[in-house]
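Trainee: Chains B, R and W, in that order, are what the protein sequence lines are.
Under UniProt numbering, the first residue of the first sequence carries the number 1, and numbering increases by one thereafter.
Under UniProt numbering, the first residue of the second sequence carries the number 1, and numbering increases by one thereafter.
Under UniProt numbering, the first residue of the third sequence carries the number 1, and numbering increases by one thereafter.
Any given hint might turn out to be false.
If the Cβ cut is set under 7 Å, some of the chain R residues that face chain W in the computed set are [said to hold, decoys possible]:
#1 A50
#2 L52
#3 A73
#4 F81
#5 S83
#6 V98
#7 M102
#8 R103
#9 L105
#10 S213
#11 A274
#12 A278
Sample of chain B residues with no beta-carbon within 12 Å of chain W, all distances over it, derived [to be verified]:
#13 Q53
#14 W54
#15 M74
#16 Q160
#17 I165
#18 N191
#19 T197
#20 Q221
#21 A258
Bear in mind the hints are in silico, worked out from the structure with no lab data behind them.
Beta carbons are placed, not taken as given, at the ideal position from N, Cα and C, and that holds for glycine.
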Amino acid sequence: MTAHSLAFGRILRFGLLSLGALIFLAPYIFMISTAGKAQSEIFSSSLSLIPEQWSFAENFTKALSRVSMPTLLMNGVIVCALIFIVQVVVAIPCAYAMAKLKFRAARSMMVLVMLGLLVPIHATALPLYVAFDRLSVLNSYTALVAPFSISVFAIFLFLQFFRAIPDDLIHAARLDGMSEPGIVARVIVPNAWPAITAFAIFSVVAHWNDLFWPLVVVSNQDFATPPLGLLYFRAAEAGDDYGALMAATLIITLPLVAAFLIAQKRFVEGITMTGLKG
Amino acid sequence: MSVLSLDNITKSFAGNAILNGVSLEAGQGEFIALVGPSGCGKSTLLRIVAGLDHADSGEIAIGGRNVSSLAAADRNIAMVFQSYALYPHLTAGQNIAVPLAMRRLTAAQRLPFIGDFLPGQRQIRADIQRQVREMAASLKIDHLLDRKPGQMSGGQRQRVALARAMVRRPSVFLMDEPLSNLDANLRVHARGEIVELHRRAGVPTLYVTHDQSEALSMADRVAVMIGGTLLQLAPPQEIYDDPAHIEVARFLGQPRINVLETRMDATGLVRFGALTLAVETAPPSERRVLIGVRPEFVRLRPGTDGILRARIERTEFLGSEVIIHARLDAIGETIVARIAPADAATLSTGMPVSVEIEPSRMMLFATTGERLRAKTVAIASSRERAHG
Amino acid sequence: MASIAAEMPIASIGRREARIAWLLAAPAITLLFLFILLPTLAVVILGFTDFELGYGGFRFVGFENYAELISDRTFRRSLSNTAIYTAIVTPVSIVLALAIAMLIEAETRARAFFRTVYFLPVASLLVAMATVWQFLFHPTIGPINTFFAQFGITGPNWLGASGTVLYGLSIIGIWQSVGFNMVLFLAGLTAIPRELYAAAEVDGARSWFDRFRLVTWPMLGPTTLFVTTISIINSVKVFETVKTLTEGGPNKASEVLLFTIYQEGFVYLRVGYASAMTVVFLAILVVLMFLQYRVLDRKVHYA
Chain B
1 MTAHSLAFGR
11 ILRFGLLSLG
21 ALIFLAPYIF
31 MISTAGKAQS
41 EIFSSSLSLI
51 PEQWSFAENF
61 TKALSRVSMP
71 TLLMNGVIVC
81 ALIFIVQVVV
91 AIPCAYAMAK
101 LKFRAARSMM
111 VLVMLGLLVP
121 IHATALPLYV
131 AFDRLSVLNS
141 YTALVAPFSI
151 SVFAIFLFLQ
161 FFRAIPDDLI
171 HAARLDGMSE
181 PGIVARVIVP
191 NAWPAITAFA
201 IFSVVAHWND
211 LFWPLVVVSN
221 QDFATPPLGL
231 LYFRAAEAGD
241 DYGALMAATL
251 IITLPLVAAF
261 LIAQKRFVEG
271 ITMTGLKG
Chain R
1 MSVLSLDNIT
11 KSFAGNAILN
21 GVSLEAGQGE
31 FIALVGPSGC
41 GKSTLLRIVA
51 GLDHADSGEI
61 AIGGRNVSSL
71 AAADRNIAMV
81 FQSYALYPHL
91 TAGQNIAVPL
101 AMRRLTAAQR
111 LPFIGDFLPG
121 QRQIRADIQR
131 QVREMAASLK
141 IDHLLDRKPG
151 QMSGGQRQRV
161 ALARAMVRRP
171 SVFLMDEPLS
181 NLDANLRVHA
191 RGEIVELHRR
201 AGVPTLYVTH
211 DQSEALSMAD
221 RVAVMIGGTL
231 LQLAPPQEIY
241 DDPAHIEVAR
251 FLGQPRINVL
261 ETRMDATGLV
271 RFGALTLAVE
281 TAPPSERRVL
291 IGVRPEFVRL
301 RPGTDGILRA
311 RIERTEFLGS
321 EVIIHARLDA
331 IGETIVARIA
341 PADAATLSTG
351 MPVSVEIEPS
361 RMMLFATTGE
371 RLRAKTVAIA
381 SSRERAHG
Chain W
1 MASIAAEMPI
11 ASIGRREARI
21 AWLLAAPAIT
31 LLFLFILLPT
41 LAVVILGFTD
51 FELGYGGFRF
61 VGFENYAELI
71 SDRTFRRSLS
81 NTAIYTAIVT
91 PVSIVLALAI
101 AMLIEAETRA
111 RAFFRTVYFL
121 PVASLLVAMA
131 TVWQFLFHPT
141 IGPINTFFAQ
151 FGITGPNWLG
161 ASGTVLYGLS
171 IIGIWQSVGF
181 NMVLFLAGLT
191 AIPRELYAAA
201 EVDGARSWFD
211 RFRLVTWPML
221 GPTTLFVTTI
231 SIINSVKVFE
241 TVKTLTEGGP
251 NKASEVLLFT
261 IYQEGFVYLR
271 VGYASAMTVV
281 FLAILVVLMF
291 LQYRVLDRKV
301 HYA
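Build out the structure end to end from the sequences listed, making use of the hints.
Mentor: Dropping the structure here:
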């Protein structure tokens with residue numbers, strides 16, 4: 001192995017990574033570029049990335065006028081926040097009881113959790129839809145949030161994490177006179193922040209991007225989440241107005257991508273942690 | 001004749017010097033222990049010899065051949081790692097066979113499925129198997145050959161790692177703290193085994209450890225490294241009795257050597273208690289010198305009639321010996337003595353004592369750490385002084 | 001409180017702990033029954049009925065739905081399409097992800113940048129990005145075919161022709177999932193003890209490929225198994241891109257399992273029949289998980 005071949009290997013490696021990066025970024029590059037092009041220019045099918053005349057304002061105006069973007073984004077935020085908060089509030093006490101308290105049902109709970117991990121929303125969607133229809137709660141935040149109020153994955157993740165918390169810490173808290181719910185709130189939760197952040201990222205990414213369930217229970221723009229809203233927008237924009245369409249995708253993609261770019265280290269850690277535990 | 005020679009090896013990382021020109025020669029069948037506190041560069045030096053790291057400058061020769069630019073695989077060295085680094089997916093037998101298969105089978109012959117049909121490999125594989133079994137038998141691990149590392153104890157894993165290193169008949173043996181993951185009882189037992197294996201293999205061995213008793217008990221010569229510099233390389237007895245540097249003296253020996261500061265007069269004479277020492281080559285301007293005395297050469301006697309007086313602060317009973325900490329009245333420093341329990345019977349905490357030091361066991365060091373050679377010119381009897 | 005506890009016999013302290021545990025777990029247990037167990041059970045039962053939403057009653061029809069499934073050409077098409085999609089996306093996204101992870105791991109400069117770029121699609125709204133891909137794939141004005149045209153090649157009508165639509169969707173699927181697999185591989189690579197590579201070098205593994213075979217690949221075993229399972233399951237669950245871009249067309253060439261279930265259940269409202277399909281879907285997931293836990297898990301854990 002000479003210095004020469006090492007240098008060549010490095011250049012090759014860097015070149016390959018750069019080429020791949022370019023391919024992976026291409027959709028974003030064309031999204032931004034096309035969002036700034038006029039209809040006529042898009043149809044001239046040139047590969048030029050810089051618009052000849054800047055039509056960003058025009059395309060964004062169109063995108064914002066057809067579908068209420070603020071409502072969509074707001075719905076997305078509300079639904080994701082509600083889901084995440086309920087999931088954590090329900091899962092943490094349960095995981096604590098399973099990890100640190102002695103009770104006979106703990107083993108069967110574990111079996112239930114493992115079974116639950118197997119069942120995606122797609123499998124339970126039909127009966128839930130029928131039930132929600134009977135209860136007349138379709139087209140509501142309740143319908144969007146309720147099925148995700150229980151996350152067996154959250155229980156599983158927190159369980160793994162809590163088992164690693166030393167028993168002595170909990171014994172010390174009991175000796176200091178704390179009640180069990182007090183221990184959860186004041187000892188367990190502050191120590192579980194890494195797991196909670198990791199789960200937050202996992203949960204928000206999953207539900208912000210989910211199309212299936214909103215599509216099933218929502219038929220009304222007022223409760224549409226971003227993916228569903230984009231689907232409506234596409235339907236309304238029957239033609240090939242790619243300029244406006246790209247502007248709309250840009251608006252809808254931006255929040256999560258921006259969040260990711262700001263906190264990318266946490267994102268990757270979070271996905272890695274939830275990925276490997278799950 | 002030296003089989004392994006390192007010449008002026010330097011290495012720095014991110015502007016910090018890790019090795020400052022280390023030179024070392026090892027003869028055929030010599031066991032050299034590289035010892036020093038953690039972070040002294042001993043492991044880096046070992047990795048450079050192995051070819052896993054590259055030195056910034058300097059030369060490594062094995063059997064007279066310069067190997068500095070060769071890859072690890074081409075140096076014919078064997079290495080035992082601190083974590084043993086056994087391949088967890090391979091059985092003990094397969095682990096031991098790896099270095100042989102890598103060297104004797106071609107890349108094509110090692111391919112899964114296809115390799116099995118290539119000519120010549122069957123004979124070689126059978127040969128490798130025979131060697132693995134012989135090696136395992138000589139280390140008494142034949143019953144472990146089908147087990148994976150995860151199913152073995154620490155001691156068993158260590159033997160498999162040794163077998164993997166020895167099976168290829170290397171020209172140099174490198175060991176990086178191979179005993180540090182064993183429990184205390186096993187460690188002492190394993191010392192003897194490694195020395196025995198080394199004797200049988202008859203190749204120069206570099207053995208890195210931070211444990212001074214391992215270094216002193218196993219090695220033909222001990223190399224003490226501090227802060228990237230090789231301070232002394234000498235047989236165990238010599239390096240203990242006659243350290244060339246205060247750091248070497250401090251690093252070896254338990255409890256640590258007593259170091260007291262005193263002054264030297266203009267003629268190069270140092271007076272300490274009843275002693276007068278003459279420094280042979282006195283440093284020109286510096287007047288301060290350090291005196292080193294190992295605890296076993298410090299004697300304590302009840303009473304206040306001595307020239308050096310002290311008060312006992314603490315005694316530690318260790319069974320076969322007693323460690324006594326006493327504070328010297330004159331300078332307020334603590335001096336540690338190691339004495340037999342019988343001699344300690346008359347001593348207790350808080351008692352004033354006289355301190356006596358065996359004159360021939362006192363060592364002088366410059367404040368920079370170098371040893372100053374000195375000879376005793378006068379010993380005043382403590383009683384004479386006391387009366388006069 | 002503490003004094004009361006101190007006077008209580010041991011058995012009742014244990015009972016008290018169990019009662020608190022039950023209380024803490026109660027909300028989770030209730031919701032688990034309500035939203036997971038009960039609906040799953042209901043799906044299995046509904047699969048044996050002719051229930052249709054909008055009609056009042058229903059009756060049990062035994063295995064009639066399943067008999068219909070076997071002869072249902074759309075369903076069979078949808079199963080085979082899902083299988084083809086999975087057979088393309090899973091291996092390609094795993095091999096690509098492993099290659100990229102190893103390149104990034106070896107790279108010293110711009111590691112964070114590359115990791116971010118390859119991971120970006122995971123954090124992007126798939127429905128939105130699918131729309132972008134639709135533009136990229138556009139037969140006449142799309143950049144991909146425009147690019148081909150510069151070399152005189154007429155690109156296919158990617159999402160518009162039944163021969164290529166699955167490949168088009170697969171490309172999007174690969175693009176979207178490589179980043180996820182990559183970060184898992186990166187985590188797996190970092191967990192490999194450096195001393196094993198050192199041992200491999202000393203043992204004579206000269207080439208990159210020797211070290212890969214001796215250390216990297218076996219040590220990544222658990223990660224690879226996990227990534228494979230997750231990738232297969234996610235591929236079987238492909239829905240967003242199909243619903244957004246092709247609606248199963250053209251000519252049912254991109255009909256996939258979840259889309260067919262969605263159509264039958266929520267568009268044609270044939271709940272009983274769609275439930276039978278869902279049971280098949282669940283059975284596939286169960287088999288995959290079983291394979292992971294029982295059969296393959298033993299081969300990749302060496303302890």
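Trainee: State for each hint whether it applies.
Mentor: Hint-by-hint comparison with the structure:
1. A50: Cβ of A50/R sits 6 Å from chain W, so the hint holds.
2. L52: holds (5 Å)
3. A73: holds (4 Å)
4. F81: holds (5 Å)
5. S83: holds (5 Å)
6. V98: holds (5 Å)
7. M102: Hint holds; M102/R Cβ to chain W Cβ min 3 Å, cut 7 Å.
8. R103: It holds, given that the least Cβ distance between R103/R and chain W is near 5 Å, below 7 Å.
9. L105: It is violated, given that the least Cβ distance between L105/R and chain W is near 10 Å, above 7 Å.
10. S213: violated (25 Å)
11. A274: violated (55 Å)
12. A278: violated (52 Å)
13. Q53: Since the minimum Cβ distance to chain W is about 17 Å, Q53/B lies beyond 12 Å and the statement holds.
14. W54: holds (19 Å)
15. M74: Check passes; 16 Å lies beyond 12 Å.
16. Q160: holds (14 Å)
17. I165: holds (15 Å)
18. N191: holds (17 Å)
19. T197: holds (15 Å)
20. Q221: holds (15 Å)
21. A258: violated (10 Å)
Hints 9, 10, 11, 12, 21 from the earlier list are contradicted by this structure; the remaining hints agree with it.
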